[in-house]
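Asks: Here is how the chains run, residue by residue.
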Amino acid sequence: MSLALAQGRIELLQFFRTRESLVFTLLFPAMLMVIFGSIFKSVEIAPGVTLSQYFVTGMIASGILSSGFQNLAITIPIERDRGVLKRYRGTPMPKWVYFAGKAVSVAVLALVSMVLLLVIAVLLYGIKLPDTPAKWGTLGWVSVLGLVSCTLLGIAFSSAARTGRSAPAVVTPIALILQFTSGVFFEYDKLPTWMQQFAALFPLKWMTQGLRSVFLPDSFASQEVAGSWELGKTALVLGAWCVGGLLLCLLTFRWTTRRDG
Amino acid sequence: MTALAIKVAGLRKTYGGTAAVAGVDLEVHKGEVFALLGPNGAGKTTTVEVLEGFRKRDEGTVSVLGVDPAHSDSAWRQRIGIVLQGTGEFDELTVGEVIRHFAKFYDNPADPAQVIERVGLSEKAGARTHTLSGGQKRRLDVALGIVNQPELLFLDEPTTGFDPAARREFWELIRQLAASGTTILLTTHYLEEAEYLADRVGVIAKGTIVEISTPQELGGRNTAKATVSWRDGSEETDTPTATVQRLSAEYNGEIPELTVKRPSLEDIYLKMIGGAA
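Protein chains in written order, with the numbering used here: chain R, 1 to 261; chain A, 1 to 277.
Excised from the complex, chain R in its bound form (with noise of 0.2 Å):
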């Protein structure tokens, strides 16, 4: 246990002494928040809401996505093109333990980057925090289930790029479809009918419905498509990530390239 602790502190101090990685994942979603925060701020979409406001909420989900899924899909191929994986299956740490490292510096990297986010959120787009228990458990339990299944996703998707330096070419667009689809750029509601089924299927759209339901009014759910917050098949859909995700990580993951065979 203390040896997975350890992992993730590596992990971290990677991380944050990395800029790219810092920039990318951190202050890229902050910067998008304040450019698109800012440009609809005027724009009322349902009475005491604004566009803002709607949009910061998708991109607090977003920052967990791009925590998780974003994060290890491009940095574990670069590890496995570096020979780094292939260094630790050399040693007797046990294979978990390296998950468990990811894990822990995903779960920190989502705190930053959710208060990071929420601070702008409050200070500058009249987003307000959770007044009742209720919803700080709303806010938990939704953001822990996305960053779970998020963090699996991308831990199985690191296994799609052929090469550390093809990674972000292949992650990225799925990410942005997900948010262009999900509630993030656009609203939901507005979105043709096909495109909002596609995107139902993926973790992100039930992340930025549970936390619209955590920041928005709750007079705003007559505006959701299905005339509610619909928080228990959010759960239900987000679990069935998880699950469905830890399998996928088990049947796809890698420790060397397919060069080494």
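Please keep in mind that the hints were generated in silico from the structure rather than gathered at the bench.
Take these hints with a grain of salt, some might be off.
[As the list claims (entries may be wrong)] Quick list of in silico lysine to any residue cross-link-like pairs, SDA-like style, CA-CA up to 20 Å:
(1) A/137 - A/160
(2) A/104 - R/5
(3) A/104 - R/92
(4) A/104 - R/3
(5) A/261 - A/238
(6) A/104 - R/4
(7) R/95 - R/12
(8) A/124 - A/135
(9) R/233 - R/244
(10) A/104 - R/97
(11) R/95 - A/107
(12) A/104 - R/96
(13) R/95 - A/74
(14) A/104 - R/100
(15) A/104 - A/149
(16) R/95 - A/75
(17) A/137 - R/14
(18) A/56 - R/252
(19) R/95 - A/73
(20) A/30 - A/79
(21) A/124 - R/14
(22) A/56 - R/253
(23) A/137 - R/78
With chain R held as given, fit chain A onto it using these hints.
Replies: Below, chain A without anything else, positioned relative to chain R:
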């Protein structure tokens, strides 16, 4: 007869119809430095990676420290050290951080500070690894390979791309490790490296072992005819001393332009891998 650290018999590994390793037999004794010498693509790395437990073999029996690497466990990994062909990068971590972290994986690690000292990186202990030179990175690789005080150390082409001075320094490091009793299996395509470091050399070409012997005896070098040449002639002989004495008497002392030459290791080696190719 000393105990064996490695025993390989009939090892075969095929990739898509091409045999990378086509029947390798070799034995490495405990405490020995054994060099697997061969040109690029001869099957050195494939062989070693089977021994390290990274690759599955198609045929043959393999025993490394009494364990089949295909069924290795963490107890076995505690006892071996691996320096892979490529360098694993930990860009933004310092030398000290990487070594101390890897020490945590083992039950009986060496003192990280001593390991750093031993590989000659004390001055770089606080430096980020991406700032190291090629030779220094390789030293870090070795440090990670010996941080568990292994009984057996694998070194896969440890000095490829080194300048001659860095290679010399690196060789001294390996000699010290060998002197402390660590068994070392080294792969290299540098003849001088095998000659300088190894107790025994296995020449590998086209996936098979061509010969195993000491560097001094490789290819029958020690018993090969010597060539005695001087200003007025030359002859091949098994008894060069006698020839020189005879000539000395003929010339009444100094023999003009005298050389006595045995085939160099390089001559023999090139003949060997040429013959197999």
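Asks: Would you mind marking each hint as holding or not holding in the structure?
Replies: So, going through the hints one by one against the coordinates:
no.	hint	result
1	A/137 - A/160	12 Å, holds
2	A/104 - R/5	11 Å, holds
3	A/104 - R/92	10 Å, holds
4	A/104 - R/3	7 Å, holds
5	A/261 - A/238	12 Å, holds
6	A/104 - R/4	11 Å, holds
7	R/95 - R/12	18 Å, holds
8	A/124 - A/135	12 Å, holds
9	R/233 - R/244	16 Å, holds
10	A/104 - R/97	12 Å, holds
11	R/95 - A/107	17 Å, holds
12	A/104 - R/96	15 Å, holds
13	R/95 - A/74	10 Å, holds
14	A/104 - R/100	15 Å, holds
15	A/104 - A/149	13 Å, holds
16	R/95 - A/75	14 Å, holds
17	A/137 - R/14	17 Å, holds
18	A/56 - R/252	18 Å, holds
19	R/95 - A/73	12 Å, holds
20	A/30 - A/79	13 Å, holds
21	A/124 - R/14	18 Å, holds
22	A/56 - R/253	17 Å, holds
23	A/137 - R/78	18 Å, holds
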